[in-house]
Amino acid sequence: MIVTASLTEAIEAYCGQRIFQAGPRLYIDGNPYHRPIGLAQLDRPDFTAPATEAQFLDPRQLVAGRILCSAYESDMILLPPNGLSSAKDDFDLFYSDEVRRLRDLIRPDLERFAFSFLADSVRVPPVRTLDELQAYFMAEVSAAGSPADDSGNNPLVDGLAPVKGSMRAITECRYAEEAAGLHLIQLALDALTEASAMARNLGGSYGVEQSELFKIFIDEFGYGVYSAKHSTIFRGMLASIGLRTDVHAYWSFYLTSSLVGTNYFNYLTEDHRGMFRYMAAVTYLEWLFAQGFADTGIMLRAVFGDRVDTKYCDEHAHIDIHHGRMTYEKLLLGFARTHGESVIPDLVRGIEETKLLLRLGDADFVAQIRWADTLAEHTTLGAALATAAADEGVAATLRPDDPFWTRVYDTDRLVAVTAGEVDVHAWATPRPHRLGRGDTLLVPRGRLHGLKAASSSATVRVSTVDRSEP
Amino acid sequence: MLHGPNPYRRMLMPDAVAEVEFHRPLAAGEVTSWRSLAAHRLLGTFYEADTVLLPEQGLADLRADFDLFYSEELRRLREASISDLERFAYSFLATEVDITGAWTIDALDAYFQHAATVSEQGESAALTAIAQARRPEVAADTYLVQLALDGLTEASAMSKNLGGAYGPEQSALFKIFIDEFGYGVYESKHTTIFAKMLRSRAMATHVHAYWNFYLAGPLATNNYYYYLSRDHAKFFRYAGAVTYAERVFAPGFVKMIKTYQAVFGDDIDLHYCAEHAHIDEHHGRITREQVLLALAERHGASVVPELIRGIAEAELFGRWFEDDTAAQIRWSDAIDRYRERGAAALSGGGEPRRVELTPVSPFGTRSHDGAMILVLTEGEADLVTSATGEPDRLGRGDAVLVPAGRTYGVRAISPRCGYDLHPTTAE
Amino acid sequence: MDRVVTMDLRQHNTVLVGHDRFFVFRADNQLQLVRDSCPHRGGPLSLARLTPDGRRLSCPWHGTRVGVAALRRTAVPMVRSGDQATVVLSAVAADAPVSVIRRRILANLPPERQCDTTA
Ligand code: FES
Ligand SMILES: [Fe+2]
Ligand SMILES: [Fe+2]
Ligand SMILES: [Fe+2]
Ligand SMILES: [Fe+2]
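From first to last, the protein sequence lines are chains A, B and C. Position 445, counted from 1, in the first sequence is what my numbering calls 445; the numbers after and before it change by one each time, with no gaps. Position 79, counted from 1, in the second sequence is what my numbering calls 79; the numbers after and before it change by one each time, with no gaps. Position 11, counted from 1, in the third sequence is what my numbering calls 11; the numbers after and before it change by one each time, with no gaps.
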């Protein structure tokens with residue numbers, strides 16, 4: 001364990017790198033190395049005390065999520081599609097000795113910070129034998145709405161089922177296109193480098209299970225045909241509705257829960273003691289994806305009509321029936337058979353942790369779209385609450401060319417514009433919510449947003465508000 | 001002498017490693033030295049801690065070793081020292097290989113084709129040594145052992161270059177990877193057919209059974225691909241190196257089949273070699289067109305020298321792999337002659353180093369930076385210089401010349417035994 | 001353009017043409033050069049095992065059962081004379097690289113026992 005002072009220093013040094021600083025643009029094209037981390041939103045970058053589940057949406061989790069994502073991805077090869085020439089210096093820096101040294105220094109402590117709550121929040125049920133594992137898994141996937149079909153081995157997919165949960169919440173939004181876009185952006189975090197975490201489990205030697213994992217990987221990689229690679233068809237889906245397709249173009253719009261969720265899989269594959277948890281987590285997800293992507297396709301068609309290219313969703317609604325079965329039979333049960341019942345608790349834990357992360361992720365996402373969809377109402381609400389501000393607040397002046405970055409607060413805040421005009425970016429949209437002089441927006445705790453001056457200069461005052469009354 | 005079926009276990013000879021001064025980096029001429037062997041055993045272990053190793057028979061009894069091998073403690077030590085160790089092992093490349101002048105894509109291709117042709121037309125030092133050996137079977141096994149280093153975990157370094165997003169070139173590399181992984185069918189995975197080849201020679205097939213018999217040259221070569229794959233700033237070098245390797249494998253395996261058929265007739269399963277003799281021709285084409293040249297095309301002039309560097313360095317390592325293996329084969333094969341030379345060259349001289357052993361001392365192998373004369377001063381012992389050959393019995397007073405870089409182990413036969421190591425210039 | 005490829009069946013059993021693969025499949029004591037590609041996603045049928053009744057192959061990728069008869073219908077023109085085979089490849093681009101190689105063919109093994117089959 002590093003002593004606190006030097007951990008903080010290392011984090012500051014890491015985040016202080018040019019590529020981790022914000023630039024003026026909202027979106028980042030052609031440069032997968034540039035990731036504004038927004039360390040400045042923390043009063044003190046102290047990550048020694050692990051975040052609890054209750055603190056899941058705190059700014060420290062967001063910042064840690066961005067750092068860890070970059071840390072893990074420096075173990076992958078990212079090159080801009082139109083060639084390196086424009087970003088060669090950033091490439092060199094991203095993979096430099098210095099950045100890596102800092103990464104190695106901070107990664108274990110940040111992982112402890114970010115993921116310790118899983119062990120505290122998750123109760124691992126007493127599943128001990130292979131039979132119990134089978135029964136447990138089937139009960140879990142049924143409870144999650146994806147029971148097995150008649151064969152008993154494949155996830156059942158109903159392509160006509162009415163959509164539920166967060167997919168339904170998207171279709172209910174006033175700005176459903178933005179909400180759907182935000183969902184795809186969250187998926188893009190992983191999908192544009194799809195299966196990279198899995199790739200970390202391909203090296204080495206572990207027998208039949210290694211080959212079985214590889215069969216899944218072959219599909220993810222589209223059999224070596226670039227146009228069939230899942231990340232390529234994902235780009236096709238983004239492009240069809242006018243979204244950017246470069247890796248991390250929407251870096252600033254990844255929600256905390258999306259970062260933590262994606263990082264979790266890298267965390268389990270970076271440290272190979274997490275191997276069994278990973279295999280179970282992958283099994284659970286592949287199984288749920290079959291119906292999940294059928295639902296996503298239905299949602300997208302409901303929102304965008306025929307213009308959206310849903311091949312990515314259709315592909316997963318089909319192939320993940322196979323992946324569900326293959327991972328279940330050959331990985332989840334395969335590892336338990338080959339390595340004995342002593343690994344079963346690890347397997348079960350992987351599923352339980354994934355369940356928790358999915359639940360937190362859904363809640364975060366739905367809260368974000370509900371808020372972003374009703375910024376006008378939240379401006380009215382903000383005005384009503386303006387007198388209830390609990391402190392003087394902090395003033396800041398914004399200019400159009402200021403670096404753009406996004407943040408969350410650990411308590412509810414009021415953002416009041418005292419001069420000029422300000423655009424609020426709560427999701428990726430060409431029509432951000434404009435606040436004029438005298439407007440006050442209520443920003444609930446944990447809601448991701450960035451501000452950009454819409455006049456040559458603007459001033460905002462951010463104060464804490466207590467909404468605990470009924 | 002062999003490691004049991006426990007992929008986490010690796011004899012690093014800690015006492016002998018202590019002799020190595022790690023602050024003075026290896027020079028190009030030192031690739032087969034003890035300093036190099038010690039460093040590359042360690043480095044290889046570091047790299048493999050980043051891959052998934054599970055014992056074939058199931059984890060049950062080895063859970064504690066698994067936990068230790070991947071533990072946070074060892075990881076911290078690894079992360080704290082790996083960059084320095086890499087610098088120790090590979091920094092000489094920066095001066096040994098120079099790429100100058102204005103390179104174009106055509107020039108890159110011409111250079112690549114030339115390097116490939118040179119390799120194709122040249123002969124393999126190790127295969128020649130096998131053909132000329134008195135005990136060609138043992139010599140052939142020595143070469144198999146060196147191939148097993150990579151063969152049983154084949155394509156692990158390559159797997160480190162699959163994550164991320166880098167366009168059609170990534171898919172092209174993956175096409176090769178699919179073949180290495182036998183299309184996901186365990187029976188046809190290259191590691192599986194490599195194991196079959198070993199089995200046909202009645203050799204052990206678990207990962208690193210022959211740990212003690214890996215030579216420094218092959219270790220340095222194998223680690224080189226990991227070295228380029230760990231730090232993706234070196235990605236373009238990796239692309240150059242892997243293109244070269246895939247291209248020269250095919251003709252290499254054709255030669256190997258010829259030599260091994262001459263040695264063993266039909267008593268060996270050479271399917272692994274045949275698969276590579278053919279498929280790597282195909283891989284050579286894909287990597288050249290769709291990886292090497294395509295990367296140069298897409299990413300422009302600034303990456304070309306890096307691609308070239310990879311090719312040139314891979315060529316160097318390929319040579320060291322061969323030369324080191326050939327030297328070991330020759331020495332081991334002619335050990336009688338080295339006994340005579342050892343006895344003849346022995347003349348008082350400086351203070352020898354004393355080593356004592358009992359039959360329960362752990363077995364390990366090592367080499368020396370300079371030539372040594374090993375003299376048994378007490379008891380009886382076996383000198384082990386190959387994985388499958390009969391060891392050479394040494395009695396009291398027997399001497400043997402161990403040239404610089406030759407790898408050996410000593411196993412006590414009598415309850416106590418001791419030997420002296422005299423540095424010598426008689427090489 | 002039609003291209004002619006010859007191979008020695010004692011040494012070779014697979015033909016690579018650009019991205020396409022063909023393998024020598026034995027059924028009813030006859031050798032045929034068939035397409036090594038599962039109709040589902042192009043999985044390697046050469047690495048498929050015969051079902052216990054010997055009439056279908058289970059694709060190693062996702063378990064699709066492909067009828068032996070259907071596979072034989074994918075055969076390309078070939079003349080076998082002793083160990084020598086002459087293959088005519090139709091509609092092949094003139095610059096498509098062709099390699100003749102030897103690989104493991106699991107599809108020619110006797111049917112797999114019932115127990116370890118995939119769904
Ligand atoms: S490719 Fe054959 S079953 Fe899918
Ligand atoms: Fe996928
Ligand atoms: Fe999948
Ligand atoms: Fe191979
Ligand atoms: Fe190859």
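In case anyone wonders, no lab produced these hints; they're calculated from the structure. Misleading hints may appear alongside valid ones.
DSBU-like mimics (lysine-lysine), calculated; alpha carbons at most 35 Å apart, straight line [unchecked claim]:
#1 Lys88(A) / Lys355(A)
#2 Lys175(B) / Lys88(A)
#3 Lys355(A) / Lys311(A)
#4 Lys88(A) / Lys311(A)
#5 Lys452(A) / Lys88(A)
#6 Lys258(B) / Lys196(B)
#7 Lys196(B) / Lys88(A)
#8 Lys258(B) / Lys311(A)
#9 Lys234(B) / Lys175(B)
To see whether the hints hold, each was checked on the structure:
1. Lys88(A) / Lys355(A): Violated, at about 40 Å.
2. Lys175(B) / Lys88(A): Roughly 27 Å separates the two Cα atoms, so the pair holds.
3. Lys355(A) / Lys311(A): It holds: about 27 Å lies between the C-alpha atoms, which stays within 35 Å.
4. Lys88(A) / Lys311(A): holds (33 Å)
5. Lys452(A) / Lys88(A): Distance of about 29 Å is within 35 Å: holds.
6. Lys258(B) / Lys196(B): Status holds; Cα separation ~18 Å.
7. Lys196(B) / Lys88(A): Judged against 35 Å, a Cα distance of about 45 Å means the pair is violated.
8. Lys258(B) / Lys311(A): violated (50 Å)
9. Lys234(B) / Lys175(B): holds (21 Å)
The structure does not agree with the numbered hints 1, 7, 8 stated previously, though it agrees with the rest.
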